[in-house]
Every structure is written in C-alpha cells, then in structure tokens.
Amino acid sequence: MKLSSRHLLGLEGMSAEEITLILDTAESFREIIERPIKKVPTLRGVTVLNLFYEPSTRTRISFELAEKRLSADSINFSKSTSSVTKGESLKDTVKNIEALKIDMIVVRHASTGVPYFLTQCTASNIINAGDGRHEHPTQALLDMMTIRRKYGHLNGLRVVLVGDVKHSRVVRSNIWGLKAMGASVALCGPSTLLPYESERFGVDLYSNLDEAIDGADVVNIMRIQLERQQAGLFPSMREYTNLFGVTAERMKLLNKNHTIMHPGPMNRGVEITSEVADGESSVILEQVTNGQAIRMAVLYLLSGKKGEEA
Amino acid sequence: MTDIKGETVLNEKGISRAITRIAHEILEKNSGAETLVVIGIFRRGSDLAKRIADKIEQIEGIKVPVGLLDINLYRDDIHTKLDQPIIQRTQILFDVVDRNVILVDDVLYTGRTIRAALDAIIDFGRPRSIQLAVLIDRGHREYPIRPDYVGKNIPTAKTDRVAVRLNESDNEEFVIVDKSGTGKKAGQKESGPKTGTKGGKKK
Numbered sequence: 001m002k003l004s005s006r007h008l009l010g011l012e013g014m015s016a017e018e019i020t021l022i023l024d025t026a027e028s029f030r031e032i033i034e035r036p037i038k039k040v041p042t043l044r045g046v047t048v049l050n051l052f053y054e055p056s057t058r059t060r061i062s063f064e065l066a067e068k069r070l071s072a073d074s075i076n077f078s079k080s081t082s083s084v085t086k087g088e089s090l091k092d093t094v095k096n097i098e099a100l101k102i103d104m105i106v107v108r109h110a111s112t113g114v115p116y117f118l119t120q121c122t123a124s125n126i127i128n129a130g131d132g133r134h135e136h137p138t139q140a141l142l143d144m145m146t147i148r149r150k151y152g153h154l155n156g157l158r159v160v161l162v163g164d165v166k167h168s169r170v171v172r173s174n175i176w177g178l179k180a181m182g183a184s185v186a187l188c189g190p191s192t193l194l195p196y197e198s199e200r201f202g203v204d205l206y207s208n209l210d211e212a213i214d215g216a217d218v219v220n221i222m223r224i225q226l227e228r229q230q231a232g233l234f235p236s237m238r239e240y241t242n243l244f245g246v247t248a249e250r251m252k253l254l255n256k257n258h259t260i261m262h263p264g265p266m267n268r269g270v271e272i273t274s275e276v277a278d279g280e281s282s283v284i285l286e287q288v289t290n291g292q293a294i295r296m297a298v299l300y301l302l303s304g305k306k307g308e309e310a
Numbered sequence: 311m312t313d314i315k316g317e318t319v320l321n322e323k324g325i326s327r328a329i330t331r332i333a334h335e336i337l338e339k340n341s342g343a344e345t346l347v348v349i350g351i352f353r354r355g356s357d358l359a360k361r362i363a364d365k366i367e368q369i370e371g372i373k374v375p376v377g378l379l380d381i382n383l384y385r386d387d388i389h390t391k392l393d394q395p396i397i398q399r400t401q402i403l404f405d406v407v408d409r410n411v412i413l414v415d416d417v418l419y420t421g422r423t424i425r426a427a428l429d430a431i432i433d434f435g436r437p438r439s440i441q442l443a444v445l446i447d448r449g450h451r452e453y454p455i456r457p458d459y460v461g462k463n464i465p466t467a468k469t470d471r472v473a474v475r476l477n478e479s480d481n482e483e484f485v486i487v488d489k490s491g492t493g494k495k496a497g498q499k500e501s502g503p504k505t506g507t508k509g510g511k512k513k
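Heads up: the protein sequence lines correspond to chains A and B, in order.
Note that our numbering has the first sequence beginning at 1, numbered continuously upward.
Note that our numbering has the second sequence beginning at 311, numbered continuously upward.
Don't read these hints as lab results, they were simulated from the structure.
This structure is a prediction, so every number in the text was calculated from the model and none was measured.
Cβ atoms here follow ideal geometry from the backbone N, Cα and C, with glycine treated the same way.
Watch out, some of these pointers could steer you wrong.
Stated by the list, open to error - If we take Cβ atoms under 10 Å as the criterion, some of the chain B residues that face chain A in the derived model are:
1. Val319
2. Ile329
3. Arg331
4. Asp380
5. Asn382
6. Tyr384
7. Asp393
8. Leu428
9. Gly435
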C-alpha cells in the first residue's frame, strides 16, 4: 500500500486505505516524539520549504518540528519579510526558492487552489497546509487520528462539526476524511454559516445545537472568526454563544463516552466554555501532539515519491 | 505453507536448540541476567528475542525486559528504494542506559540492518554494551559487524535465498536455503508480504 499521489492537496477523493496508511504511519511516529531523543535520520538530505502566506502558529510550528525531527532541512518563508512586498508573484517567488534545490513545499495561502497551482509550476512535492476555504488535510488527519486513538476506529461514529462550517477548510477536509472512514457527519451553525448544498457533502445540517449533538460521539468545535461577525452573518457574539456555545450543560446530550475537539485557536467563552475546553472529555492538546505525528507521517510518505507521476 | 523450495538447514527442534544454546552463552558472558535487556528487530527478530528472554527466565528465574525495534527510519537506502517500507511501531518501554543490550535478528547478511539498529538503540540512551545474537549468519558482510551469538553459520552465495519461518509470525517453523539462484534478487534476503516491508528487506 502506498499513497497514490506525490502531493497532499486535500482529502477529497482519498480512499480509506490511503487514510489508514497515513494514520498507521503516524502512530509509529507518535512513539518517536515520546522518546528522550526525538529525532530520526530518515529525511537527512531532504530540504523542505515552509511557504506560509498566511499567519499560523500551530500548523507552522508543527510542520517545522516534524521536519526537524525527521532530520530534514527546513527553510521558512513569511510573506511580510519577503520580496512579495515588492510585488514579486507567487510563481516567481517559488521558482526562485526552488532554484536553491528544495524537495518539498508546505504551503498555506488565503487563496483556494494555490497548492494545486504549485504542482503545475514546480517539481517539488506539495503539501497543503490550508488553502482559502478549500481544505486543510493534515488538520483533518490529526482529528481522525485523535478520534481513532480514543475509540479504536472511526467507522459508525457520529461526529458533529459546530460553528462557522461554511468558511472552514478544516470542516471540508474533515467531511471527506471522516466519511471515507465510515463515520457519519453532521454540521451545525447559524444558517448563514452553513453550506448551501449539503447533498454534495452527504452530511446532515442543523441550526439547532441541541438537536445536532443529541447522541453524538464527537463534537469538533470551529472557531468563530471576528471578521465574520463584522460581515453581519450573525447578530452578535452574545447571541451566538447562547445558541451555539458548547457548555457543560449541553454536553449532557452527548453519548456518555464523548469527545470534545477544537482545532484552535479557541475563543473561550464564545464557542466553548473553559469548563468544557479543560474538561475530562477534551482532547484539544492531544490533537496538537498528534498533529506533529501526522505531519511527520505525511512528510515521510511523500518524500519517497519524488519524481513519480502525480 | 511456504512456497520456497530448497534445503532445510534448521527444523523446529534445531531452532529450539540454537535458542537454548544462545541463552546459555548470553548468561555466561554477562555473568547472569541482572543487567540484561533484549531487543528484537521487527519482525522475526522480535519473535526470537521473546524466545531468548523466556529461555533466560527458565534458566535463571529472572524476567528480562524485551523490546521491539523497527529500523526502517534509520536505513541508509530509504530514498534510493522504489518502494518505501511501511513503518512499524518501535516498543522499547524500558531504559537502556547502563544495560547490556542483546540485539536479536533472524538473519545476519550485509550488516546494514544491524548498523541501523545500533543507531536506533543509541537514540534511546547509552547502553553499557550492545551484543548481537542472530539465528543465521549467512556471510557477505558489507559493514564491519560481527555477531556475538550465532545459532548457525551457513555458507551461501549472494544469489541464494535464506528463508526463516517462525510459528509466531508464519504458523510454520524452519530455515530453508534456496540455492537455485532464482531468488527475488541477487543480494536480497527472502521476505514475503508477512514481513511488513515492501520490496524486501536487505540485510
């Protein structure tokens, strides 16, 4: 079993076998990050460019550490301190950096499709670290790994994604990944923040949180972005918290052995209360740890496919 | 049942006797089992490691910790191979610092696997010593590696295929040498889909 592509652009269309391979490989890498010496020589000689056109804390640090722990050489690019501020195009920027002989590019960009665009104009392996509203595959993979570690499987679980699901790339990747692995997925949020066509995604839509989470196994809470609030997509933060905030009281509706997840950064007191975020069923920090293992697995699995057909 | 044809060089009894002798030699060399830990290289090496530890417990009455090591992340050919190995989990749930580590594998060939295993073990700490126990030494070393305990030395050609089958992993038990020269590839140790690696495991 191996991955069918030498790039990771998204989870849409990825088979359960490929996802399982990544999750299984990540379990092996999880062991490495628990060791006293958290480093293996596997990617020695491989150079990875972290091309972050959008701010990021968790994903960027997680990728950078994953690269270092596999002994790869990392180069960090940030838009604000680069020639992009002088008007250089994305393609020229990447071509110039690639001329310094890099092997893989981890890219985050505010525009959908940038990772795919890079596959067309560079020879490097491309890993999508979040593009516009499209996908954030490694986040969904780490979410799936966290759920699988708790329940031992994903098949048959009921997972509810709550919040601004319409604009969330994390949600999109989660939908494709979870459904491929046999979980049932429901989306919940204000109707202005739900996607138009649930049929395309094959998920249930809810505008009532209590109905959505009734009997659910996993609730994955998405961040409410302040810019959405200013765009008038819901009346006020206070109203949002009252209707969609996940509280300890509401958690009683969930299955007894339930799990609370959040990709971060959290707005405590808005979409999640501190009591829930720090509670026994919260696996939010576990998600961060698993993220590093997932990124190590993806880097490892794609590194062996240089030069193969996409 | 196996599809490999050739001369059986060790049967179930022979393997058992070899393990018993190796366990005695280990105890003699280390003056007992107090400082020992046993680490087997995935997959058949770890099966053998458990058997050696069990034998030591039978003889000495001391339970020796057993670890499992996947060396694929330490290979020197990981980017030159067409197929990447599937990474298995390493389980060394004890401290190796200041212990005498008995490293166990099924077949010793070029020494490259053992080189990788030495790197991996050292990443877990600084053992007092690392000693190497193998069921079969088939020669053709490419690195300066010498085993401390050998079940059986078998002179082979590079084109020969050495197949080790153990009950724990294969539900059958023997060592066969196929001298037909029709092995998968010259210089490649036999391995089937059950080994968890792709494209064979070069020793």
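To see whether the hints hold, each was checked on the structure:
Below 10 Å, beta-carbon pairs count as interface contacts, and Val319(B) has none with chain A, the closest being about 33 Å; its hint is therefore violated. Look at Ile329(B): its Cβ only gets to about 28 Å from chain A, farther than 10 Å, so that hint breaks. With 10 Å as the threshold, the beta carbon of Arg331(B) stays out of range of chain A, its nearest partner Cβ sitting at about 33 Å, so the hint is violated. The criterion of a C-beta within 10 Å of any C-beta in chain A is met by Asp380(B), whose closest approach is roughly 7 Å, and the hint holds.
Hint status for Asn382(B) relative to chain A: holds, with the closest Cβ pair at about 8 Å, below 10 Å. Because the beta carbon of Tyr384(B) sits about 6 Å from the nearest beta carbon in chain A, less than 10 Å, this interface hint is met. Interface hint at Asp393(B): satisfied, since its Cβ lies 7 Å from the closest Cβ of chain A, which is below the 10 Å cut-off. Because the closest C-beta pair between Leu428(B) and chain A is about 12 Å apart, greater than 10 Å, the hint is violated.
Among the interface hints, the one on Gly435(B) holds; its C-beta lies about 7 Å from the nearest C-beta in chain A, closer than the 10 Å criterion.
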